[in-house]
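Chemist: So the chains spell out like this:
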Amino acid sequence: MAHSAINVFFAGNNFSRILQGLWTSVWIAGASLIIGLILGTLLGILRTLPNKIIRFILRLYLEFFRIVPTIVLLFLFYYILPRTFHINWPASWMAVLAFSLWVAAEFGDIVRGALESVPLVQKESGLALGLSRVQLLRYVLLPQAVQLELPATINLATRVIKTTSLLMMISIMDVVAIGQQIIEANNQKYPTAVFWIYGLIFFLYFIIDYPLSKWSKQLAAKQNR
Amino acid sequence: MSWQIITQSLPIFLKAFELTLWLSAVGIICSIIVGILCSLVQYFKVPVLHQIITAYVELARNTPLLIQLFFLYYAFPVIGLKMSAQVCGIIGLVFLGGAYMAEGFTGGFAGVNSSQIDDGKALGMNNLQLARYVVFPQGFALSMPALTANVIFLIKETSIFSVIAIPELTNTALDLIGMYYRSNEYLLVLVIAYAIILIPVILLLNYLERKVRYGTFGD
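Protein chains in written order, with the working numbering: chain A, 1 to 225; chain B, 1 to 219.
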């Protein structure tokens, strides 16, 4: 039956539905990354300030996201926002919010690390030229930090993409949820459909993430040379 | 928020807590073993196996655990390989974790200063002696940060076991929320439970990392 089970991809509108599900996962990952990277840059800059209270609060914020598994994070937003704060957003917005805050925490740490590893002489030279704090950040520290943090940022992106597989847990119609529906609907006609559908989803995640992680590794190797 | 709800749920959470600890421990230990074996193959560039393991590491690292678990739990029975949810969970976690650990150890071995290897050669060591006395001890010390990150990552990944109905912490909390609709209480217990597991682990590993740093030379 194996030769016929692959037909499950093309039965009805299955294939376009899978692509639709993939698009849901992709836009949630994309939006979360964009918002998270912007917010994370701000957090990273704040964490290099000498103010101890700000640094302590931001450190707590980071550790919270390090300790709570992402799946639990999704549920925190999914249950607590509507029930306690009466915010009734669509589940996909909640996912974007949860992921963005998570990305911001992790990226903030990456930015902080990169800013701190810009050689001190660069900072001193900038100050000696009479640059203000903002100018120093804008023209000296951030451009160099961006280059340093690129491999870790790409890595973070691959993790966000993989984590979108959890979206179906808060009833978002992502690629996994649609795959499940197709499997259930075709169980009688194609008993091995489960193999092909999950195989396809596995492959889809791989072809998105593999080039990214390869790129990140190459960049890191170049920097270490 | 009601304390009564929380205290009533504690015995159930305690069971789930034990299961999460147990699954994490087995998963991490097996992952470290798989990781060491794979990184040895990578270090000595054993023909054929070397390529297979490179492919395995890339496949496991670039796909989500959830899909790996669905494959093991739902797709494998179709070809006649039926396993219990917990066995699937551990196999999935070790499949993923082994690849991460292999990557970490391989990176550690590669990070050993080349002057150390030259010195070893100058002393007349052969390749095996170099590996045993120079590269591995320093390589393991260098891979400690990666090991720490992976251990924390794998403990957190056990939360994904909830999708194949293993009654670990997350699954238990979701079950309770489904039954009694008290999401705030159960989610609070859930987050605290993960903190109780992870904070000591993070502190211990950071301490070990600092200790082991003395094991490297040549910089």
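These aren't lab readings, by the way, just hints derived from the structure by calculation.
Please read these numbers as outputs of a predicted model, since none were measured by experiment.
Treat each hint with caution, since some may be false.
[As the list claims (entries may be wrong)] Beta-carbon label-pair distances, calculated as ranges:
1) B:Q129 <-> A:N224: 26 to 32 Å
2) A:A221 <-> B:Q51: 28 to 34 Å
3) A:I87 <-> B:G80: 25 to 31 Å
4) A:Q218 <-> B:A25: 49 to 55 Å
5) A:E184 <-> B:A25: 49 to 55 Å
6) A:L131 <-> B:S115: 37 to 43 Å
7) A:L129 <-> B:Y133: 48 to 54 Å
Each residue gets a CB set at the ideal place from its N, CA and C atoms; glycine is no exception.
Chemist: Now tell me, hint by hint, if it's right for this structure.
Modeler: Results of checking the hints against the structure:
Separated by about 27 Å at the C-beta atoms, Q129 (chain B) and N224 (chain A) satisfy the suggested range of 26 to 32 Å. Range check, A221 (chain A) to Q51 (chain B): about 20 Å between beta-carbon atoms, so the 28 to 34 Å window is missed. At about 48 Å, the beta-carbon gap between I87 (chain A) and G80 (chain B) misses the expected band of 25 to 31 Å. The supplied range of 49 to 55 Å is broken by Q218 (chain A) and A25 (chain B), whose beta-carbon atoms lie about 36 Å from each other.
Taken as a hint, the range 49 to 55 Å is violated for the pair E184 (chain A) and A25 (chain B), whose Cβ atoms sit roughly 35 Å apart. The hinted range of 37 to 43 Å is satisfied by L131 (chain A) and S115 (chain B), whose Cβ atoms lie roughly 40 Å apart. Against the hinted window of 48 to 54 Å, the Cβ-Cβ separation of L129 (chain A) and Y133 (chain B) comes to about 51 Å, which satisfies the hint.
In this structure, the earlier hints numbered 2, 3, 4, 5 are contradicted, and the remaining ones agree with it.
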